[in-house]
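For this one, chain F is given, so just place chain Z on it according to the hints.
Sequences listed follow chains F and Z, in order. Residue 6 in the numbering used here sits at position 6 of the first sequence, and the numbers go up by one each step. Just remember that the numbering used here sits 1000 ahead of the position in the second sequence, which is counted from 1.
Please note that a few of the clues may not be correct.
Stated by the list, open to error - If you want the footprint, here are the derived chain Z segments under chain F, 3+ residues with CB under 8 angstroms:
1. 1031–1039
2. 1049–1056
3. 1099–1112
Claimed, not checked - Taking lysine-lysine and the DSSO-like style, the derived pairs with C-alpha atoms no more than 27 angstroms apart in a straight line are:
4. K5(F) to K1044(Z)
5. K66(F) to K77(F)
6. K66(F) to K1112(Z)
7. K1044(Z) to K45(F)
8. K1112(Z) to K1079(Z)
9. K45(F) to K1112(Z)
10. K73(F) to K13(F)
11. K13(F) to K66(F)
Keep in mind the hints are simulated off the structure, nothing from the lab. Every residue gets a Cβ at the ideal spot worked out from N, C-alpha and C, and that includes glycine.
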Amino acid sequence: QITLKESGPSLVKPTQTLTLTCTFSGFSLSTSGVAVGWIRQPPGKALEWLALIYGNDDKRYSPSLKSRLTITKDTSKNQVVLIMTNMDPVDTATYYCAHRRDWTYDYWGQGTLVTVSS
Amino acid sequence: DIVMTQSPLSLPVTPGEPASISCRSSQSLLHSNGYTYLDWYLQKPGQSPQLLIYWGSNRASGVPDRFSGSGSGTDFTLKISRVEAEDVGVYYCMQGLQYPHTFGQGTRLDIK
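So here's chain Z without its partners, still in its complex pose:
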């Protein structure tokens, strides 16, 4: 199985400040077709996970442009340019390249 490792696991942020979450995979997530199958999800309190970023760097429909994804191979980053109160929750990275699909441990973002 591909192991996904996130850091930090807890991220207190002041509103208006930036935030960054790292995700590393135990194997490259680059497919032979040139795409990288790394997604980011946000699970707000009491809700289902919602897709934020797909294929490493593409924002899902309706996701604010303060969210951005970057990285390649085995190292990926989710950045929030200016954190807002509605961004609290647990962020997960997930690899969709190989079965079984695997998730990171989650990073809990809360407001200072």
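Just chain F, same shape as in the assembly:
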């Protein structure tokens, strides 16, 4: 059974750095073709793809946010970490991590709401 769960601060101040952790079970990032991605959703708005990492450490980023994002993995801990710098109120959103295999996001975490406010 594949599960993912996001964790991190619920409130950050403008200009601060956000660190989110996705802890997963039921699969290994070492498996060929498997990846973990991050997607966010501002309140009442659509989904926005952020970043993705494969077990071979291949990383992909949204071009519009690339300068602010870093994605890493700890295979031994079954975790993927997303770091976003210089947070702004427009970054207020629910952040999801998701399992990707066969070119599809087939399992999603419950999401974590991050509010950016002073």
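Positioned in the frame of chain F, the structure of chain Z alone reads:
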């Protein structure tokens, strides 16, 4: 980036009636391997998105057969043969062919 455009954005449906959502991509989603990387997701109120259809027309595990996906190239359709109350939520199409992966604006289905 590949732009995904859905219509309609709002879809009120009477239970038992069919429903259809259109999704168009700004570029073909056909890969050289012959597969088309277009997925459909449903986000029920207060929940995470859940996969309904992958590769354009394949139902995900556990998805009722009243849901079907079709289309090719740049034009895709999600159909619900008979809408049930549990189908309410926002439906998204997503292209997984190129980075960045991109989603449509979402179509909100509610019950009349």
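Hint-by-hint comparison with the structure:
1. 1031–1039: Result for this restraint: holds, n = 3.
2. 1049–1056: It holds, with 5 qualifying residues against the three required.
3. 1099–1112: Holds, because 8 residues of the segment 1099–1112 of chain Z bring their Cβ atoms closer than 8 angstroms to Cβ atoms of chain F.
4. K5(F) to K1044(Z): holds, 18 angstroms
5. K66(F) to K77(F): Judged against 27 angstroms, a Cα distance of about 25 angstroms means the pair holds.
6. K66(F) to K1112(Z): violated, 43 angstroms
7. K1044(Z) to K45(F): Judged against 27 angstroms, a Cα distance of about 14 angstroms means the pair holds.
8. K1112(Z) to K1079(Z): With a Cα-Cα distance of about 18 angstroms, the restraint between K1112(Z) and K1079(Z) holds, given a limit of 27 angstroms.
9. K45(F) to K1112(Z): Cα-Cα ~23 angstroms, so holds.
10. K73(F) to K13(F): The given pair, whose Cα atoms are some 25 angstroms apart, holds under the 27 angstroms limit.
11. K13(F) to K66(F): Within the cut-off at roughly 20 angstroms; holds.
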